[in-house]
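Required output: the full structure, derived from the provided sequences and hints.
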Amino acid sequence: MVQSEVIKVSNLDLTFETNDGPVHALKNVDLKIDKGEFVSFIGPSGCGKTTLLRVLADLDEPTDGDVTVNGVSPREARESRAYGYVFQAAGLYPWRNIAANIKLPLEIMGYSKEEQLKRVKKVLDLVELTGFEKKFPWQLSGGMQQRASIARALAFDADILLMDEPFGALDEIVRDHLNEQLLKLWKSTNKTICFVTHSIPEAVYLSTKIVVMSPRPGRIIDVINSDLPTERPLEIRDSKEFIEISQRVREGLRAGHSDE
Amino acid sequence: MNKRSWIGSDNKILPVVCIITFIVIIWYGFSIVLNAPWEYDKAKRNSITLSTADLVSQTWSQKRPKLPTPHQVTKEIWNTTVNQKVTSKRSLIYHGLITFYETIYGFAFGTGLGILLAIGIVYNRATAMSVMPWIITSQTIPILAIAPMIVVALGSAGFSGLMPIAIISMYLSFFPVVVGMVKGLKSAEQLEIDQMKTWSASKTQVLFKLRAPRSTPYLFTSLKLGMAASLVGAIVGELPSGGGKGLGFRMLSGSTFGNTLHIWSGLFSAAILAGSLIAIISIIQRVVLKRMALEL
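So the protein sequences, as listed, match chains H and R.
Residue numbering for the first sequence follows my numbering, beginning at 3 and increasing consecutively.
Residue numbering for the second sequence follows my numbering, beginning at 439 and increasing consecutively.
Rather than coming from a laboratory, the hints here were simulated on the basis of the structure.
All of these numbers come straight from a predicted model, not from anything done at the bench.
One thing to keep in mind: the hints can contain errors.
Listed next, the in silico SDA-like pairs over lysine to any residue satisfying Cα-Cα at most 20 Å (straight line) [unchecked claim]:
1. R:K635 - H:E81
2. R:K635 - H:V74
3. R:K647 - H:P139
4. R:K728 - H:Q141
5. R:K641 - H:Y113
6. H:K105 - R:E630
7. R:K624 - H:W97
8. R:K647 - H:N99
9. R:K647 - H:W97
10. R:K624 - H:Y95
Encoded structure:
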C-alpha cells in the first residue's frame, strides 16, 4: 500500500486561553494511525480526547506541533471532505425527515439529485434504517437517531470516520447492539475509525488500537494494540484476552490519575 | 373534561368575557361622570332639577358626548360601515382599507429591511459595530417628530400618497424584526455550526440550510410585533400627510372638530384591524412551526 498512514500527530500541543488563565488541553501528543484501523481514545473527562478529535477535524487549532490527515493538513483534509464526523448528540434537523437529513451534506457538497437518492438508500441500508426515510427525527428512538446521524456521516463516503462518544447518551442494551453494528459496518467499508469513549468494554470490544489518555495536561499515557480476532461476537467480552486488555486499560487510567 | 370545559381553568372564553364585562361597566360609569357637567349646566340654565334616572339616560345619549358610551360607538361603527358605500369618504371601511394598505406596505418594507440588516449584523462584525448604534438611535427619536420631515422630503422627491406613509410605517416596524432576527439567526447550536464546518459548508449554505430555518420561531414573534408597529406607523404617518384618508386622519379630524364618536370608532377599527392581522400571523405561525417540529 502506498499510503497506509492516514493520521500522523507529532509533538502536538494545545492551550486554550480562558478567563481563569490558560488551560493545557493537550501536551506532547504523538500518534500514528494506519489505514483501516479502529482506534479508540479513552480517558476521564478533561483528558483532551475530544479536543484531539476536533484537532484532527480542524474544528480546533493546535498551538504547536504537526498534524497530517491523509498526508495533508487537517484544514485541507476537511476541505477535501476526507472525514465524516459523528457528534455526541445526533444533531438531526427537526424540520427535515430522515432522508432529507442524510441528504443535507450531499446537498452542500453538490451531489446530483439521483446520486443523493442512491446514497441515502445505501447508507440507510448500512445502518439498518431502511423504511424510515419519511420519518421525522422526533418519531425515532435515541438509538435510531444516532444511527441516522452515522448514516449521514457515511453518506459522502469519506475514508475516515471520527466519532465523539456517539453512544454516550444511550442505554447499555442499545449501546451493545450499536457496537455490534458499528463493527460490522467498519469491516464492510474498510474505513479508518477514530472513536472517543468513556467506556472500557466499549473501547476494548471495538478497537484494534486503544489510546489511553490522562488529564491536566491532556496526554497519551499508553497505546495498546489489541490482538483480539476480527470476528467479535458480544460474548468475546468474557474471554481471557478481552479481560487482560481491559485490565491494561484500567491500569493505564489509574496511573494517569495517581500523579494528581 | 369537555362537558365542563366552558368553565374550566383551561378555557379562555370565561376570563375574557369577565374582563370585557368589567370594562364595559366602568366605561358606562365614566360616561355618566364625564358627561354629567354638561347636563347639569343645561338643567341649571332651564332651572330644572335632574333626577338620577334622567341624568343617566341623558348622559348616555348626548349628541356630542365627552365620552360616548359603548352602544353609541357600536351604533356609529355600524352606521359608517354597513350603512355606507365602501367608496364613500364617510365609510370606515374605506378609511380602514387605506390604512390597511399603508400598513401592509410598511410591514413588507420593514420586514425586508429588518431581515437584511439582521443578516448583515450576524455575518459581519463591521456592520454590527457600525449599524447597531444607529438602529437603536433611530428608535429613540419620536416618530411624530420625524414623520412630517419624511412627508416633506419624499413629497419634494415626487413621492406622495401611500409611499411616504409606508416609509414611516417601515421606520417603526423594522426594529423588532432586526432585534428578533439577530437573535434568531444566532440561535443555531454550536454543535450544528461545527457540523456544517465538518462538511465545509459555505456561509450562504449555513444561512439558508441552518440559520434561517432555526430562526423561524423568532421570525414569527418579530412579525407580530412588526405588524402592530406598522399599523401605529401608518396611523401616525397619516396625521401630517394631509391626504384626508385613513383611520389616523379620521381620528385626527374627529379630534379637531370635537367629534368623539369619530375618534372612538376610528380607534376601535384600528384595534380590530391590528387584532385580525396579528391573528392571521399567529395562525400561520402555528401551522408552520408545527410542520417544522419547532417550538419557541
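- Can you give the numbers of the hints that this structure goes against, from lowest to highest? none
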